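Chemist: Below, each chain spelled out in residue letters.
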Amino acid sequence: MNALLEVDDLGKRFGGLQAVAALSFTVGEGEILGLIGPNGAGKSTVFNLINGVFTPDGGRVAFRGSDITGQAPYRVARLGLARTHQIVQPFAGMTVLENCTVGACFGREDLSLARAREAAREAAGLVGLENRLQAPALELTIAGKKRLELARALAARPALLMLDEVLAGLNPTEIAHMIGILRAIRGRGVAILMIEHLMQAIMSLSDRIVVLNSGRKLSEGPPAQVARDPAVIEAYLGDPGMVQGRAP
Amino acid sequence: MILRRPFFWLIALTIAVFAAAPRGADVELRESLLLAAVYITLASNLNLMLGYAGYVNFGSIVFFGLGGYFCVYFMGTLGWGLVPAALVAGVAVSAAALVFGWGILRLRGVHFALATIGVNEGVMAFVTNFQPWGGSTGIYLSPELFQPLGGPRQALWIIYYLLVGIMGISLYLSYFVKRSKFGLGLLSIGQNEDAAAVLGVPTPRYKALAYSASAFLPAIAGGLYFFKGAFIQPADAFDLTLSTEAIVITMLGGQGTIVGPALGAYLYEELRGWLLTSETFANFQLVVAGVLLLLIVQFAPDGLMGFFYRRWPRLRRLLE
Amino acid sequence: MLGLAASLVDGVLVGAVYGLAAMGITFIWGVMDVVNLTHGAMIVAGMFGVYLLIAATGVPAYAALAPILVAGFLAGVALYWIAIHRMIGRPPLMSLLSTFSVNLVLIGLGTALWGTVLFNVQVSLPGFRIGRYTFPGTHIMAAVLTAVIAAGLYLFLYRTRAGKAVRAVAANREAAELVGIPTTRILALSCGLGVALAAVSGALIATMFPFTVLSGDAYQLKSFVVTVLGGMGNPTGALVAGVALGLLEGLVTPFMPVSWILVIEFVLFVVVLIAFPGGLLSVGRRRVGAR
Chain A
1 MNALLEVDDL GKRFGGLQAV AALSFTVGEG EILGLIGPNG AGKSTVFNLI
51 NGVFTPDGGR VAFRGSDITG QAPYRVARLG LARTHQIVQP FAGMTVLENC
101 TVGACFGRED LSLARAREAA REAAGLVGLE NRLQAPALEL TIAGKKRLEL
151 ARALAARPAL LMLDEVLAGL NPTEIAHMIG ILRAIRGRGV AILMIEHLMQ
201 AIMSLSDRIV VLNSGRKLSE GPPAQVARDP AVIEAYLGDP GMVQGRAP
Chain B
249 MILRRPFFWL IALTIAVFAA APRGADVELR ESLLLAAVYI TLASNLNLML
299 GYAGYVNFGS IVFFGLGGYF CVYFMGTLGW GLVPAALVAG VAVSAAALVF
349 GWGILRLRGV HFALATIGVN EGVMAFVTNF QPWGGSTGIY LSPELFQPLG
399 GPRQALWIIY YLLVGIMGIS LYLSYFVKRS KFGLGLLSIG QNEDAAAVLG
449 VPTPRYKALA YSASAFLPAI AGGLYFFKGA FIQPADAFDL TLSTEAIVIT
499 MLGGQGTIVG PALGAYLYEE LRGWLLTSET FANFQLVVAG VLLLLIVQFA
549 PDGLMGFFYR RWPRLRRLLE
Chain C
569 MLGLAASLVD GVLVGAVYGL AAMGITFIWG VMDVVNLTHG AMIVAGMFGV
619 YLLIAATGVP AYAALAPILV AGFLAGVALY WIAIHRMIGR PPLMSLLSTF
669 SVNLVLIGLG TALWGTVLFN VQVSLPGFRI GRYTFPGTHI MAAVLTAVIA
719 AGLYLFLYRT RAGKAVRAVA ANREAAELVG IPTTRILALS CGLGVALAAV
769 SGALIATMFP FTVLSGDAYQ LKSFVVTVLG GMGNPTGALV AGVALGLLEG
819 LVTPFMPVSW ILVIEFVLFV VVLIAFPGGL LSVGRRRVGA R
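Protein chains in written order, with our numbering: chain A, 1 to 248; chain B, 249 to 568; chain C, 569 to 859.
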C-alpha cells in the first residue's frame with residue numbers, strides 16, 4: 001500500500017499549551033485509519049494542521065507525494081483531501097443539492113457547473129439524501145445535516161476523507177446506517193481518516209488505529225492490538241488492571 | 249436555454265421601458281429615470297459583494313467617483329472621445345480595485361468593511377491634494393466636448409441611453425454571475441467562508457475578482473454621469489451618501505437577489521421624491537435612510553424580495 | 569528642533585485622548601464582538617453635550633464631564649437595546665449595518681439641527697511654558713483626565729464583581745451564562761461604558777479643538793486606527809497606541825498639510841490590519857477577556 005498521507009514529526013503549540021507534539025503516522029490508499037484518544041488529546045487540532053487551518057510549528061505533512069505543510073485549506077482540498085467538521089457547517093441558505101454542488105465544483109476535478117451537479121446528485125445518493133435534494137439545508141435534522149456534510153465532502157471526489165466525529169449525536173439506527181455508508185465509501189477506493197469516540201464503531205471499521213494522548217502518539221496498530229495495550233487502557237480508564245476484550 | 253428563462257426577458261423589458269418612456273422628448277422624466285438607472289447600477293454591482301459574498305463595501309462610491317475622474321481627465325485633458333474614455337476609465341478602476349482588493353480582502357468581513365470606509369476617505373483626501381486633477385476645485389469640461397455627440401441637447405440623450413445600457417448590463421451581470429460556478433463560490437463564501445475554503449473555493453481570488461467586477465460598471469457610469477454634468481469635484485465624486493443609499497437600496501430590495509436592487513432602487517426613488525417635496529423632511533433624507541436600514545436589518549434582513557421568495561418559492565425559481 | 573520636540577510632547581497629550589476614544593470602540597468589540605459604527609456620532613454628541621451644558625448652565629467645562637459620562641452611559645445602554653441586542657450571534661455584517669444605520673440617523677439629525685457650522689468651547693486654563701513654547705492647559709488637563717478615567721476603568725474591570733463579570737462575558741459568553749451571569753445585562757452595561765468613553769473623549773476634544781457635526785468621521789477613523797494598532801479588545805493597548813498615534817501626528821504636522829494626515833492614517837490603518845491582525849502591541853496581552 002502506498003502512503004497517501006504522511007504526517008511526520010508534527011507539532012503545534014498554542015501559547016502555553018503544546019497541543020500536538022512529535023506526531024508521525026501514515027494513511028495508506030484505501031485504508032480506514034481511526035484516530036482516537038481522550039478528550040483534549042488534540043485530535044481535531046491534528047485535522048486542522050493537516051488541511052491548513054493551522055500552520056504547524058514543526059514537522060511535515062505530505063499528501064500524494066507533495067508537501068502540503070501549512071498550505072491554505074482551499075489548495076489542500078484541490079489536491080483531493082476532503083474534511084468534515086465535528087460541529088456541522090452546512091450552507092444554511094442553500095439547498096442540499098446546492099451544498100453538494102459547491103463540494104463538487106471545487107474539489108479534485110475542475111468540473112463545470114452542470115457536471116458538478118451530476119457529481120453532487122451522486123454523492124447525495126450515496127448517503128441517502130437523494131429524495132431531499134431541493135430541501136433547504138437548515139430544515140434537515142442533525143442526522144440529515146451530518147449526512148449532508150459527508151455528501152458535500154464526497155462530492156469533491158477526494159482521495160482521502162477526514163471525518164471528525166461523524167457519528168456523534170446519532171441514534172443507534174442512524175449509526176448503523178452511517179457505518180454502512182462509510183464502508184461503501186471505502187469500497188469505492190476512498191481512504192478514510194476518522195476521529196471517533198464511539199469505540200465499538202471505530203474498532204470495527206478501522207484497519208488500523210492511532211491513539212493520541214496529550215498531543216502525543218500513545219499507540220498504533222490493528223484495533224485488537226491497540227485495545228489490549230496497557231498504556232491505552234490506562235489513558236482511558238486509569239487502571240491498567242482492567243483489561244477489556246475487543247467488543248463484537 | 250438562457251433565452252427561455254423569464255428573467256432574461258424581464259431585464260430586457262426593463263431596459264426597453266427605460267429607453268422608451270421619455271419618448272425622446274420628456275426631459276424631466278428622463279432625468280428622474282437617469283437617477284434611477286444610476287441607483288440600480290450602483291446597487292446591483294454592490295450586491296455582488298454584499299449580497300453574494302457577504303462583504304459590505306461602505307465606500308463603493310469610490311469606484312463611481314474615480315471612474316468619473318478618469319473619464320473627465322481623458323476627455324478634457326487628453327482629448328479622447330466619450331466611449332473610449334469611459335471604457336478605459338472602467339478598466340483602470342477595476343484594475344486598481346483588483347490590485348487593491350487583493351490586499352484588503354485578506355481582511356475578514358468587519359475589518360474589510362472598515363477598510364472600505366477608509367478607502368473612500370483616503371482617495372478623496374488624495375484627489376483633493378492632487379493638482380493634475382484640479383485639487384479641491386475639481387475639473388470643468390468645455391462645452392465643445394459635446395460637439396462630437398451632436399451638440400449638448402442630443403449629447404444628454406445619448407448619455408441617457410448609454411447609462412440605461414450600463415444599467416441593463418449590470419442586471420445581466422448579476423444574473424449571469426449568480427448562475428455561474430464563480431457565483432456559487434461567492435454565495436458559499438457569503439454563507440460560511442471557512443467552510444467554503446475547506447471545500448476548495450479559492451476564497452482570496454474570488455473575493456478579489458468580485459470586488460474588481462463590482463467596480464467596472466459603476467466606474468463607467470461615473471464617467472458618463474460626470475461628463476454629462478461637465479464638472480467634477482472631490483466632494484461630489486466621493487460623497488458617501490450615494491454608496492450609503494446603495495446599501496439601503498440593496499438591503500431594502502433584498503440582498504443576494506437579482507430583482508432586489510432594482511426594486512429597492514425604484515421604491516427608494518419614490519420615497520425620496522415624496523420626501524423632497526415635503527418641506528420638513530427635505531433635510532432628513534439620511535435620517536429616513538438610517539431608520540429604514542435599521543428596521544430592515546432588525547426585522548427583515550432578507551429585504552422585500554427575500555420575504556416574497558419565502559412566501560412563494562416558485563417566484564424565486566421564476567425570477568432568479 | 570525644540571519645535572519638533574514640543575510638537576511631539578503635545579502629540580502625546582492629544583494622543584492620550586485618542587486612546588480614550590479608542591478604548592470605547594475596543595471595549596465594545598472585545599466584549600460583544602460588535603463594531604460600533606455610531607462611535608463617531610457619540611464623540612460628536614459628547615462635544616455638543618459639553619458645549620450645550622456650558623451654554624445653558626455656565627458650569628466650568630470640566631464639571632460637565634460627569635453628566636456627560638452618565639448621559640453617554642445611558643445612551644450606550646439605549647443603543648444596545650435598539651440596535652445591538654437582536655444582532656448578537658448573527659453574522660457580524662448585521663450588527664455593522666445596524667450601528668451604521670443609527671449613525672446615519674444621528675448625524676442626519678445633527679446636521680439638520682446644527683448644519684456644518686464650526687463650534688468652539690472656550691476654556692481658560694493656564695498653559696505650561698518651556699522657553700518659547702506653551703503647552704495648552706487644556707491639552708494637559710485632557711491627558712490627566714484621560715489617565716484618571718482609564719484608571720477608573722481598570723479598577724472597575726479588575727477590582728469589582730461587575731467588572732469580573734464583564735471580563736467573563738468577553739472571554740466566553742456561553743460559559744458565562746452557564747455559571748449564572750446575566751449576560752444581557754452585562755452586554756448592555758458594556759455598551760453603556762463604551763459609549764460613555766466615546767462621549768467623554770468627545771467632550772475632552774471639544775475643550776481642545778473646534779468641531780462641527782461632521783468631525784465625528786475623522787475621530788472615528790483615528791479611533792479605528794488606534795484600535796487596530798493596539799489590538800482589538802485590548803484597552804491598555806488602545807491607550808498606548810493612542811499616544812503612539814498622537815506622537816506620529818506630532819511628528820508629521822510641522823511638515824505636511826493637515827489634509828494629508830488623514831491619508832497617512834488611512835494607509836496606516838489598512839497596513840496594520842493586513843500585516844498585524846493582532847495589533848502592533850501583541851505584547852500587551854491584557855485584553856478585556858484575557859483570552
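Everything labelled a hint here was simulated from the structure, so no lab data went into it.
Since we're looking at a predicted model, the values are computed, not measured.
Note that CB positions come from ideal geometry on N, CA and C, so glycine has one too.
Incorrect hints may appear among the rest.
Unchecked claim - Pairwise CB distance ranges (calculated):
1) Pro659(C) to Tyr514(B): 19 to 29 angstroms
2) Pro452(B) to Ile650(C): 48 to 58 angstroms
3) Thr525(B) to Pro659(C): 52 to 62 angstroms
4) Gly748(C) to Leu524(B): 47 to 57 angstroms
Unchecked claim - Per the computed footprint, the stretches of chain C lying under chain B, defined by three or more beta-carbons under 8 angstroms from a beta-carbon of chain B, are:
5) 661-673
6) 686-697
7) 721-735
8) 820-833
Said to hold, decoys possible - To list a few chain A residues with every Cβ distance to chain B over 10 angstroms, as calculated:
9) Gly15
10) Leu17
11) Phe25
12) Ser66
13) Ile68
14) Thr69
15) Arg78
16) Arg83
17) Glu98
18) Thr101
19) Val102
20) Glu139
21) Gly144
22) Glu174
23) Asn213
24) Pro223
Chemist: Now, for every hint given, state plainly whether the structure supports it.
Modeler: Now for the hints, and whether the structure bears them out:
Look at proline 659(C) against tyrosine 514(B): about 27 angstroms separates their beta carbons, and that is inside 19 to 29 angstroms. In this structure the supplied range 48 to 58 angstroms is violated for proline 452(B) paired with isoleucine 650(C), their Cβ-Cβ distance being about 36 angstroms. Between threonine 525(B) and proline 659(C), the C-beta spacing of about 38 angstroms breaks the proposed range 52 to 62 angstroms. In this structure the hint that glycine 748(C) and leucine 524(B) lie 47 to 57 angstroms apart at CB holds, the actual value being about 54 angstroms.
Note: the stretch 661-673 of chain C has 11 residues with beta-carbon separation from chain B under 8 angstroms; the three-residue rule is met and the coverage holds. Three residues within the 8 angstroms Cβ limit are the bar, and the stretch 686-697 of chain C against chain B gives 0, so the coverage statement is violated. Using a Cβ-Cβ cut-off of 8 angstroms, 0 residues of the stretch 721-735 of chain C lie near chain B, which falls short of the minimum of three, so the contact claim is violated. Counting residues of the stretch 820-833 of chain C whose CB lies closer than 8 angstroms to any CB of chain B gives 5, which reaches the minimum of 3, so the coverage claim holds.
Distance to chain B confirms glycine 15(A) as a non-interface residue, since its nearest Cβ pair spans about 22 angstroms, more than 10 angstroms. Listed as a non-interface residue, leucine 17(A) keeps its Cβ farther than 10 angstroms from every Cβ of chain B; the least gap is roughly 22 angstroms. Every beta carbon of chain B lies more than 10 angstroms from that of phenylalanine 25(A), the smallest distance being close to 21 angstroms; the non-interface claim holds. A cut-off of 10 angstroms between C-beta atoms confirms that serine 66(A) is not in contact with chain B; the least separation is 16 angstroms.
Against the 10 angstroms criterion, isoleucine 68(A) stays outside the reach of chain B, whose nearest CB is about 13 angstroms from its own CB. No Cβ of chain B approaches the Cβ of threonine 69(A) within 10 angstroms, the least distance being about 17 angstroms, so the stated non-interface status holds. Consistency note on arginine 78(A): stated as away from chain B, yet its beta-carbon is not over 10 angstroms from all of that chain's, at 5 angstroms minimum. Once the 10 angstroms rule is applied to beta carbons, arginine 83(A) is inconsistent with being away from chain B; the minimum gap is 6 angstroms.
Not every CB of chain B is more than 10 angstroms from the CB of glutamate 98(A) (nearest about 7 angstroms), against its label as outside the interface. Distance check for threonine 101(A) against chain B: the nearest CB is about 7 angstroms away, which does not clear 10 angstroms, and the non-interface claim fails. The Cβ of valine 102(A) sits about 5 angstroms from the closest Cβ of chain B, inside the 10 angstroms cut-off, so the non-interface label is violated. Every C-beta of chain B lies more than 10 angstroms from that of glutamate 139(A), the closest at about 12 angstroms, which supports listing it as non-interface.
No Cβ of chain B approaches the Cβ of glycine 144(A) within 10 angstroms, the least distance being about 17 angstroms, so the stated non-interface status holds. Distance check on glutamate 174(A): its Cβ is at least 22 angstroms (rounded) from any Cβ of chain B, clearing the 10 angstroms threshold; non-interface status holds. With a minimum CB-CB distance of about 27 angstroms to chain B, asparagine 213(A) clears the 10 angstroms threshold, and the non-interface call stands. Every Cβ of chain B is farther than 10 angstroms from the Cβ of proline 223(A); the closest lies at roughly 29 angstroms, confirming the non-interface assignment.
Hints 2, 3, 6, 7, 15, 16, 17, 18 and 19 from the earlier list are contradicted by this structure; the remaining hints agree with it.
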